[in-house]
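**Student:** Chain by chain, the residues:
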Amino acid sequence: MSETVGREDAPETDDAGVVGDAFGRREDDRLVRGEGKYMDDFDPVGNLHHLAFLRSPLAHGKIESIDTSAAEQRDDVVCVLTGTDLAERMDPFAVGVQNPPEYYPLAVDKVRYDGEPVAAVVATSKYTAKDALESIDVEYDRLDAVTDELEALEDDAPQLHESGNLANERTLEYGPLDEAFEEADHVIESEFEFPRYTSAPMETYGVIAEYDHPTDAATVWSNFQGPFTMHPVVAGALGMSQNDLQFKVPSDNGGSFGVKAHIYPYIAATVIASEEAGVPVKWIESRREHLQASACHTDRTQRMRGAVSDDGQILGVWVELYDNFGAYVRAPEPGNTFRPLANYVNTYDFDAFGGEFYAVQTNKCPAGLNRGYGCHQYYFGLERLVDQMADAVDMDPTEFRKRNFIDADEFPYETPTGGEYDSGRYADALKRAKELFDYESYLERREQAREEGRYLGIGCSAIIDPSASNMGYVSVAMPPEEREKGHPKSGAVSSVTMMVQPDASIVVELDSAPSGQGHETTATQIAADELGVEPEAINVISGMDTNEKAWSVSSGSYSSRFASVGHSAVKKAGERLGDQMRRIAGELLDAPADAIELADGRAHGPDGESISVRRIAGTAHWNPAALPDDVQPGLRTQYTFSMEDSTPIDEDDRINSSGTYGYGVQLIAVEVDATTGEIDVLDYVAVHDCGTIVNPQIVDGQIEGGIFHGFAGALYEELEYDSSGTLQADTFMDYAVPTAKEAPDVTTDHLETPSPKTPLGSKGTGEAGTEGAPAVIANAVDDALDPAGVEITSLPLKPQRIWTLLNESAADGGAD
Amino acid sequence: MYPSKFEHVPVQSIDDAITALEEYDDAELIAGGQSLVPLQKTRFASPDHLIDIGDIDELQYVEEADEAVRVGALATHTEIQQAPPIKTHAYLFSECIGQIADWPVRNQGTFGGTIAEADPSGDYLPVMQVLNPEIELTGPEGDRTVPFDEFYIGMFTVDMADAELVTGARIPKLETVAPDAAAVGSTYKKHAERSGDYALVGVAAIIAVDADETVTDAKLSVGAVGPLTRAEEAEAAVEGTALDGDALDAAAAAVREAVLPDEEGSEGEYKEAMAGGFAERALQTAYDRATENL
Amino acid sequence: MTDTDSETEATTTVSVTVNGEEYTKETEDRTLLVHFLREELGQTGTHQGCVVGKCGACTVLHEGVPKKSCMLYAAQVDGDEITTVEGLPDIAESEGVDLETREGTTLHPLQMGFKQNHGLQCGFCTPGFLMTSYALLQKNENPSREEIKSALSGNICRCTGYNSIVDSVEWASKVLQDGERTAMPDGGPETGCGRGCSCVDDESTGGDRP
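Sequence order for the protein chains is A, B and C. Here the first sequence is numbered in this note's numbering, starting from 1 and rising by one per residue. Here the second sequence is numbered in this note's numbering, starting from 1001 and rising by one per residue. Here the third sequence is numbered in this note's numbering, starting from 2001 and rising by one per residue.
To be clear, the hints were calculated from the coordinates, so they are not data collected in a lab. Among the hints, a few may not be true.
[Stated by the list, open to error] Calculated cross-link-like contacts (lysine-lysine; reagent style DSS-like; alpha-carbon spacing at most 30 Å):
| no. | chain 1 | residue 1 | chain 2 | residue 2 |
| --- | --- | --- | --- | --- |
| 1 | C | K2174 | A | K741 |
| 2 | C | K2025 | B | K1005 |
| 3 | C | K2139 | B | K1087 |
| 4 | C | K2174 | C | K2139 |
| 5 | A | K434 | A | K402 |
| 6 | C | K2025 | A | K37 |
| 7 | B | K1087 | A | K741 |
| 8 | C | K2139 | A | K741 |
| 9 | A | K549 | A | K489 |
| 10 | A | K110 | A | K62 |
[As the list claims (entries may be wrong)] To be clear about the criterion: a stretch of chain B counts as covered by chain C if any three or more of its residues have a C-beta under 8 Å from a C-beta of chain C, and this derived list gives those stretches:
| no. | region |
| --- | --- |
| 11 | 1005-1012 |
| 12 | 1021-1035 |
| 13 | 1048-1062 |
| 14 | 1097-1108 |
[To be verified] Label pairs and their in silico Cβ distance ranges:
| no. | chain 1 | residue 1 | chain 2 | residue 2 | range |
| --- | --- | --- | --- | --- | --- |
| 15 | C | E2103 | B | D1015 | 54 to 60 Å |
| 16 | C | S2094 | A | E644 | 56 to 62 Å |
| 17 | B | E1022 | A | A217 | 55 to 61 Å |
| 18 | A | D156 | B | G1245 | 53 to 59 Å |
| 19 | C | Y2023 | B | D1025 | 31 to 37 Å |
| 20 | C | E2063 | B | D1016 | 20 to 26 Å |
| 21 | C | I2091 | A | G453 | 54 to 60 Å |
| 22 | C | E2100 | B | E1058 | 46 to 52 Å |
| 23 | B | E1064 | A | G453 | 46 to 52 Å |
| 24 | A | D155 | B | D1025 | 52 to 58 Å |
| 25 | C | E2021 | B | E1064 | 36 to 42 Å |
Ideal Cβ placement from N, Cα and C applies to all residues, glycine included.
Assemble the whole structure, with the sequences as input and the hints as a guide.
**Tutor:** Structure below.
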């Protein structure tokens, strides 16, 4: 059973406070009663019609003809759209790469991946919309497909786009690279491959669009998670001004994990469908569509070279990265490649880093955000390489890591690539993890197992968990001379509005549409502490609305940002509102405002006198004449928190790509069954640090859930394509999402090293678990199979594959 | 995600079911629907009529008879799995069912629907092959009984006319498999990726022993690797032995020889090897259960 | 009864009792039970998460037995009793085991268990898990962790990693066995609880957390 051990070094919090408590989630009250309102649960407008997409059965082909006449003649069909129709109505989506593809929501002239939408039908019901698809006739001229990122770069590879398969290419160099590799006593070279998988949220994409012809404006409801950089992208493509395109996101979202960032092409298609049909249109994605054509992270080939000295110091790392973006590189990509820019050196203090970074297009689903976003794939290679370097110098992998860790007294730490790590105690986390894991005992057990011919292995991974992405980082895709022609980009912001209503009840509005992370609850905890009121006095309105809420392009719930910027915005808004309340109280109590304390729903003066918050609110609303001059009536404030050092990229391609940097250490012990290839997890420990913990249960849930995604991707799930580009896993039968029976037991613990950059000291934590899991499992299995001479350089580690590797190794003569 | 249109035709008796099957051209029977409904939802199956026999009470039973346990076509997997006569007299069948899909699916899926579908990856098939129940059918020509090894022809193919339906089966009690034996044991072993997945390998084994723990009778069937395979040479390899290491090795080798994996390359090799490995496990467990009863 | 001719839809009249209330509605023959419940009857607590009946988000009780409502046609359950997540609070009240959250919401002990033990994050799979768990506790009031995992193997969750779900069901089973209706705090300062709050007056329901 998952066990959470005590917290170390909890920072001092207000004794009477709610922050830091395992405060039962407020969202749960409605969710456990089945009263959550997910996208398919409410009809915001009447006369809703239904949209269905006809999708390509081919990975690559020319569209010779599309005959929609039979479908159009059906009584229950309002209209049918093809890619050609869409291309007349909109521009392709903008994307910041050197050779951008033309990307529309429906295929235009060509299909480029299995499941790409080819036509859209608006009908009276969702069942009949599906029926109508069967009467659309499409003639394809099949083309050869290419699915491998290296093959796609060969001269004779099938070309997906006129702009070529290579959408982007950058070489980045930081620090004394030549020296590092020349001076090294060992240079380790390895090639790693990382597969495609997806967090596959239980709720799929959902969009409702209502185009209003009189005003030429549209309202869209969807479970889009952000980033809201996509709002101007969609508006721009549709040729609409942003204030005519209202994006609304409801409070309840059945999981996102990054995948729901890429719903925006479907939003555009649904808006146009509603415009064309003259009725509001709804689309709920099926699971098969979700696996085929939503988004997942890039698969990749990652060649790495590590320079290490005999005494175990990492001198430098070089990476040659071929990122497989599927059929279209689309905004906000190539984030998969560059999101870890600031933390490419991970937890280590080497200062020479560089690489060649290729964004390759192939006949697969277009890639996008998936939990971990660029880090889990990258760390898989790096942490494997670290183990290999440790092996080359005959050091224990945990000792090797410790030797290279950035020290606790080196913060704030500037990385060679422009990152500014805010705080951390990496060595302490490792030490704690080893204690919980009983590392020494496992070393003995491994010895014993090896004597008996059993395959028992220990794995370690250490990872930096960046959160609150700086919007400027994606511009690294363009070389400096190109960037100069445009405008600099930066920022990680969050806006919160807070109001005390006349009866003293409080409304807190977030600019985030959470998908299970409990934002309504942690926002309540923070606001309650700040204003000194009961949590029940507060209503938190999560979700988004581009017309009615305060927001900016970086708003949204992604890159684990709420705990950094969201919490901060709530805290600061609360401070501001609290200030106003204290000033009003001071006026009423005839005491200095800075001597007033807000607690227990009252404002307490220095001499024991007090008034209720209700009285303060009453004054602010009912008798504004009594307010101090500089306090506006209405008791409402809006605060936009902005990460200070989320500044634009410099001309040396350096940028602090995230706002805060959590981290974690994972240790795992596995035993491999040589007869079946199955991997049994014996023990799994994770020690993480996300700074100040506002709600420990929520943090545990994020770590455990994140680990589970990485575990699933390492051992069970794969979005596998065959050589013709057909997706092999398009149902939950074939895409092997693990059940409770497969779930490992994980022991978690936390350090709390507050971030100096956020007022509460909290940092994001949602992705930490999954960033370290694939690497730690691979390291353990590699260790386990070391006596058999088997090396692990790719995933997933399904039983059949392990068995085959063992057999091949035995045939080759086995152990090293 | 949404099935094509069809007409739902509920029937209340076997006779009505036969009449409906004769009357409608493009019709399927629906019992539990746990295989049919997903096929309809993905539009791999789009019959115009669905003849719903789900309410025919007389087909819902699991009953002990003299030498057999009688199972009605509409007995659900869960009902069969938990029925005392099955646990007592045909334990491997109960053990097998517990590994099929998941609890909610087993609550709705039926014996008749599963048997008639004859999915080669289905867990039932190896168990049926070693037990060889009498399958009871009825149709316009009346009732008939067919032993399973004649009823099951191949992948998704059974001896059943268009207007016929399975009404039930007589599952022989284990003790009748080798009436002179001192004790009998049985098991179903499954190798699959996740709980409830279709098997990569499914092995059913029945072992009868005499008083000095020698195997007198072995029945071994391997499913899911390729065509359903009765591993007769493996059976011969263990009969007359005390299931020592050599006998098990020989049996595993014979199983590997006998199965015909439908995948090529390393996938096929793996399944072949696992067939041997899980056959060994099945034989060992069945044997242990038999000797425990001595 | 089905009405069909070549021009019109094949429709049928379905009468069901859902959470104790009787409904009669006409619908297409091909309407799946999950859609009938959600759209015809407005009971949107039961969710659809996949196509081929693997994820269990649609799990309801059919005559008290857990089944996947996306793999049943409404027509197949004509005349029968269905229980959905919306029925749990009333069931709890009728059995005298209902609990109240700090905000005054009435929950069945299972629902409270999920809240106490962080057995949900996005909540989309939760109704399905609740129905299967409810049925489990009806037939086995003290299941082991392994038995809970087996019973729940037909319900997929993508957020929690499952262990907190097993904790939630264990918690509820203890509360239900004790038979005592205690004031149920759901975390928060006045309970004096720290992390992993599952402690109540009676320590035996506290589980393994400190």
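**Student:** State for each hint whether it applies.
**Tutor:** Okay, the hints, checked on the actual structure:
1. C:K2174 x A:K741: holds, 22 Å
2. C:K2025 x B:K1005: Holds: C:K2025 and B:K1005 sit about 18 Å apart, inside 30 Å.
3. C:K2139 x B:K1087: holds, 18 Å
4. C:K2174 x C:K2139: At roughly 15 Å apart (the allowed maximum being 30 Å), C:K2139 and C:K2174 satisfy the hint.
5. A:K434 x A:K402: holds, 12 Å
6. C:K2025 x A:K37: holds, 24 Å
7. B:K1087 x A:K741: holds, 24 Å
8. C:K2139 x A:K741: holds, 20 Å
9. A:K549 x A:K489: Status holds; Cα separation ~23 Å.
10. A:K110 x A:K62: holds, 4 Å
11. 1005-1012: Answer holds; 6 residues pass the 8 Å Cβ test.
12. 1021-1035: holds (count 3)
13. 1048-1062: holds (count 3)
14. 1097-1108: This one holds; 7 residues, not fewer than the three required, reach chain C with a Cβ under 8 Å.
15. C:E2103 x B:D1015: 54 to 60 Å: The hint (54 to 60 Å, Cβ to Cβ) holds, given that C:E2103 and B:D1015 are roughly 59 Å apart.
16. C:S2094 x A:E644: 56 to 62 Å: For A:E644 against C:S2094, whose Cβ atoms are near 57 Å apart, the range 56 to 62 Å holds.
17. B:E1022 x A:A217: 55 to 61 Å: Holds: the Cβ-Cβ distance is about 60 Å, inside 55 to 61 Å.
18. A:D156 x B:G1245: 53 to 59 Å: Holds: the Cβ-Cβ distance is about 55 Å, inside 53 to 59 Å.
19. C:Y2023 x B:D1025: 31 to 37 Å: Taking Cβ atoms as reference, C:Y2023 and B:D1025 lie about 34 Å apart, which means the hint holds.
20. C:E2063 x B:D1016: 20 to 26 Å: holds, 23 Å
21. C:I2091 x A:G453: 54 to 60 Å: holds, 55 Å
22. C:E2100 x B:E1058: 46 to 52 Å: At 48 Å between Cβs, range holds.
23. B:E1064 x A:G453: 46 to 52 Å: Holds, at about 48 Å.
24. A:D155 x B:D1025: 52 to 58 Å: Because 56 Å falls inside the window, the suggested range holds.
25. C:E2021 x B:E1064: 36 to 42 Å: holds, 41 Å
Hint compliance for this structure: no hint is broken.
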